[in-house]
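Chains as they are written, first to last, in our numbering: chain A, 6 to 350; chain B, 687 to 946.
You may find that some hints are simply not true.
Quick list of simulated restraints, FRET-style, between CB atoms [stated by the list, open to error]:
1. A:Arg76 with B:Leu805: 34 to 40 Å
2. B:Pro774 with A:Arg76: 28 to 34 Å
3. A:Gln138 with B:Leu805: 48 to 54 Å
4. A:Pro93 with B:Met932: 19 to 25 Å
5. A:Asp71 with B:Leu805: 43 to 49 Å
6. B:Met932 with A:Asp71: 46 to 52 Å
Calculated from the structure, these hints are not laboratory results.
As the structure is a prediction and not an experimental result, all values here were calculated from the model.
Here a beta-carbon is modelled for each residue, glycine too, at the ideal position from N, C-alpha and C.
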Amino acid sequence: MSFLNLDHLQKSFGSTQVVHDFSLSVDKGEFISFLGPSGCGKTTVLRMVAGFEEPSEGRILIDGQDVTRLRPNQRQIGMVFQAYALFPNLNVAENVGFGLKVAGVPRSERASRVAEMLELIGLPDMAARFPWQLSGGQQQRVALARALAPRPRVLLLDEPLSALDAKIRVSLRNQIREIQQQLGITTIFVTHDQEEALSISDRIVVMHRGIAEQTGTPPQIYNQPATEFVAGFVGKLNLFDATVLDRASGLVSLAGSEIRLNRPIPPGRVSLAARPEGLVLAETGIPAEVTGVEFLGSVQRLRARVGERDIVLDRFNTDASLPQTGDRLHLSPELSRWLLVSHEQ
Amino acid sequence: MKRLWSWGAIIAGALYFLLPLIGTLEFSLRMRRGEYSLDAYRSVLADPAFRATFGYSVAMALLTILLGVLIVVPTAYWVRLRLPRLRPVIEFITLLPLVIPAIVVVFGYIRLYNTSSLLPLTGSATGTNLLLLCGYATLALPYMYRAVDTGLSTLDVRSLTEAAQSLGAGWVRIIGNLILPNVMGAVMSGAFLSFAIVIGEFTMAALLNRPAFGPYMQLLGANRAYEPAALAVIAFAATWGCMGLMQLISRLASVRRTAR
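When you get a sec, could you build the whole thing from the sequences and use the hints?
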């Protein structure tokens, strides 16, 4: 039995349905990311778990208890917001201790728990500061400590890194993951940033138009995208115009080269696709014309044209000389990482 | 040149506001023929009716502020949180006391709550005090609501509320411990205006026949020469003094918070 169960959740605002039949089981201690573009329903699902939105249909169970009709303050959930939402009239220690005070925890116990939390987030000397005296990153860490202090059953993170600058974003996301693993707390993390989701999640739910398009581990989502949307949203993807020669054995032809996929091609419309870093240059094979070259430090990014399609190819910055715009190259047809992407019906 | 104009405007403004005050002050000191004296002040302060009416009005002003805060803070908060589309409507309603004269309101009260009505509030002093208090709160509503609403606009009300809810807090704690302290500055400026309105209010107090400061000033003004001027100066100083005290208290409270 999983710890958190979202059972056929639906949500409509007026006549607009923003979440369609969303189900998910989360194990205790698991870190799940909801990934998707804005308006995909990921925040709505999170807010239903928190109790700020009531599902139109479906149930939410935490540790076997049906919390669907409980008020937010009865759910024992910790939440961190994009805008920090620290209480401006309370100092750091009072902010972190707020949930404990509400729960009636005695003063001495509260103080030691607050100290423990501040130690955990690496701000032990900031107890007397007020929110306006802290940087954005520090404020968000305090918000995390505040959410964790009352020992919630589930931690919800609503785009907690979006308001921070790039460097702090990376260090804070790693810190969040460390703390989450240390405490073993079941966590849902909402983000529109694929790198964030890929780097810290146990599993990712990719959402699109209120539907969970694919749920899987980060490698599954990246290497075996189930739909065209997932493939296009998570990472870059090159699509090719190929002709199916034999569905059963997975034989296709692309610009005169035969490609053996060594697996059957599913029925319906599919596209042959490859990640930029999955393509390899070769002496012979699929002809391509270089249309642009970008030097990105550790990576060389080539833009090329294959038939009617523009593609992107990444390769490590080794000693090999940089091709020039207009060069004619060949792509190897023998890749282990050709993807087949189903089109939406 | 620009600076000259600015100074000109400041001086003109200062004269406009200060000259009448100075004139009143100067006149109030002339009770004794041929020399300046504090006789008028002595006479006013010795009058037990002054102390009674002024005390009554200060008490009413403080109660008005309390009632105003109790009504306005939760309302403005709730409108911002849950009914943002109703904000223009609520704002319009709170502005009504500015266009409906106090005399209309008080005649309405007298008609609705007279001794032969279902709720005969005017039948007793306590009931009439209550009516007057409601009337004052209504008069102060536009100022209090605007001030608090502006204060709330500087807060992310929704996130703060949801953060508090996720930590287990209920409405009373959210409004009392989180929203009110964060709009205290705005509440104080609303309180300042409410206080000033109530101290000098005449119409409602006179028509409801309550022993307030406004009717006392009018009565004195109709019968004496120098004392009304002294009274005006005293009322002016007392109003500013009370407000200064309120500011000081709230400032001290916040300093203590910061220092702790």
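Taking the CB of Met932 (chain B) and the CB of Asp71 (chain A), does the distance hold inside 46 to 52 Å? For Met932 (chain B) and Asp71 (chain A) the Cβ distance comes to about 50 Å; the hint holds.
Given the hint of 43 to 49 Å, check if Asp71 (chain A) and Leu805 (chain B) actually sit that far apart at their C-beta atoms. holds (47 Å)
Between Pro93 (chain A) and Met932 (chain B), is the Cβ distance one that fits in 19 to 25 Å? holds (22 Å)
C-beta pair Pro774 (chain B), Arg76 (chain A): status relative to the range 28 to 34 Å that was hinted: holds (30 Å)
That 48 to 54 Å hint for Gln138 (chain A) and Leu805 (chain B) (C-beta), does it hold up? Given a distance of about 53 Å, which is inside 48 to 54 Å, the answer is holds.
Measuring from beta carbon to beta carbon, are Arg76 (chain A) and Leu805 (chain B) in 34 to 40 Å? holds (36 Å)
Comparing the model with each numbered hint stated earlier shows that all of them hold.
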